[in-house]
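A.B. asks: Okay, here's what each chain looks like letter by letter:
2 protein chains.
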Amino acid sequence: MTEEQPPEHLRHKPLTDLTRPRELVLACPSFKSKVNLSRIVRLAGCAAAEKIIACGTAKIDPTIARDGIGHVVIERRRTLVPVLKTLKKEGYRIVGLEQTDRSQLIYEYVYRRRTALIIGHERDGMTADELALVDDVIEIPVYGMPYSYNVVTATTMAVYEYLRQFPDG
Amino acid sequence: MTEEQPPEHLRHKPLTDLTRPRELVLACPSFKSKVNLSRIVRLAGCAAAEKIIACGTAKIDPTIARDGIGHVVIERRRTLVPVLKTLKKEGYRIVGLEQTDRSQLIYEYVYRRRTALIIGHERDGMTADELALVDDVIEIPVYGMPYSYNVVTATTMAVYEYLRQFPDG
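Protein sequences appear in the order of chains A and B. Just so it is clear: in the first sequence, position 25 is 25 by the numbering used here, and no numbers are missing. Just so it is clear: in the second sequence, position 48 is 48 by the numbering used here, and no numbers are missing.
Bear in mind the hints are in silico, worked out from the structure with no lab data behind them. A couple of the hints might just be wrong.
Pairs involving identical chains hold if they fit within one copy or between any two copies, as the list cannot separate such chains.
Each computed EDC-like pair below joins lysine to aspartate or glutamate, with the alpha-carbon atoms no more than 20 Å apart [to be verified]:
1) Lys13 with Glu122
2) Lys51 with Asp168
3) Lys85 with Asp101
4) Lys13 with Asp101
5) Lys89 with Glu122
6) Lys51 with Glu75
7) Lys88 with Asp124
8) Lys85 with Glu4
9) Lys34 with Glu90
10) Lys32 with Asp101
11) Lys13 with Glu139
12) Lys34 with Asp61
13) Lys32 with Asp61
14) Lys51 with Glu139
15) Lys88 with Glu4
Make a model of the complete structure from these sequences and hints.
C.D. replies: So this is what it looks like as structure tokens:
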């Protein structure tokens, strides 16, 4: 740093204000790992995402999700397909996060503000039914072993890219 | 999608080639949570980071880090300060990831290719000794509860931003 004093760590910095509520929905399958949904709840809380749609019955672990619990709207569904159809009618761009035969590179992808991001299952990826509903599919390049990012890591990158494009909401 | 057939999930997609080896080093404190280093090992593996410098004695969990183990160079150190001084002499830009009184917004930050990214401790953040060595500090805006991203989530975002700026190495 050019300043004489080194930077000082700040605790409890106030939140960054949004100029309008986010219109980002995260749609999650029934994950194999029971911690992944909890981690996504904390991510969604910090990002001020509109809501999470979650399949399965995984409990949210408060030691992982922290105050994301109680602040993030979580809708439980048996499957994603009906709710994705509804979101589509409501004007959400349905965006899959998956390696497919026609995914777009995330670095080049231009998000719509009103977006429902569908996360693929850790082992099985997105279902054919879900893929039939997407408007776009984005993928994140992998450069080394173990060949694939953890599902929460991939979700984090896709959410970050959205926040970068809509820093103020 | 405009195509008649929906996109097809691809498994085992080949890795994205780099035109030259990455010069990104991740420097980690002795984390409070024993799973965080393992998660960063998987991230570093997929990103093809040059190496991880890790304080503390946390074992790498192979169920989390996967094949990141064996593919990511991990240097164990007692503290980060001496190795950061060496990296600085070797021409690495020392970049802290921390909320401080003069952090730069990650959305606007321009990385140097040769970068050592220092991760703050979950509870205590970066030490004053570490902050005295940084060239830059970057921070990630938080928009909602629980006020702070998990340390691996923040690291993931900072690494993603680096990859986005250097997609080919």
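A.B. asks: For every hint, state whether the structure bears it out.
C.D. replies: Status of the hints after comparison with the structure:
no., hint, verdict
1, Lys13 with Glu122, "between (34 Å within a copy, 15 Å between copies)"
2, Lys51 with Asp168, "within (17 Å within a copy, 34 Å between copies)"
3, Lys85 with Asp101, "neither (23 Å within a copy, 46 Å between copies)"
4, Lys13 with Asp101, "between (43 Å within a copy, 10 Å between copies)"
5, Lys89 with Glu122, "neither (28 Å within a copy, 42 Å between copies)"
6, Lys51 with Glu75, "within (7 Å within a copy, 40 Å between copies)"
7, Lys88 with Asp124, "neither (23 Å within a copy, 44 Å between copies)"
8, Lys85 with Glu4, "between (57 Å within a copy, 18 Å between copies)"
9, Lys34 with Glu90, "neither (30 Å within a copy, 43 Å between copies)"
10, Lys32 with Asp101, "neither (24 Å within a copy, 41 Å between copies)"
11, Lys13 with Glu139, "between (33 Å within a copy, 11 Å between copies)"
12, Lys34 with Asp61, "both (9 Å within a copy, 17 Å between copies)"
13, Lys32 with Asp61, "both (15 Å within a copy, 18 Å between copies)"
14, Lys51 with Glu139, "neither (22 Å within a copy, 24 Å between copies)"
15, Lys88 with Glu4, "between (54 Å within a copy, 18 Å between copies)"
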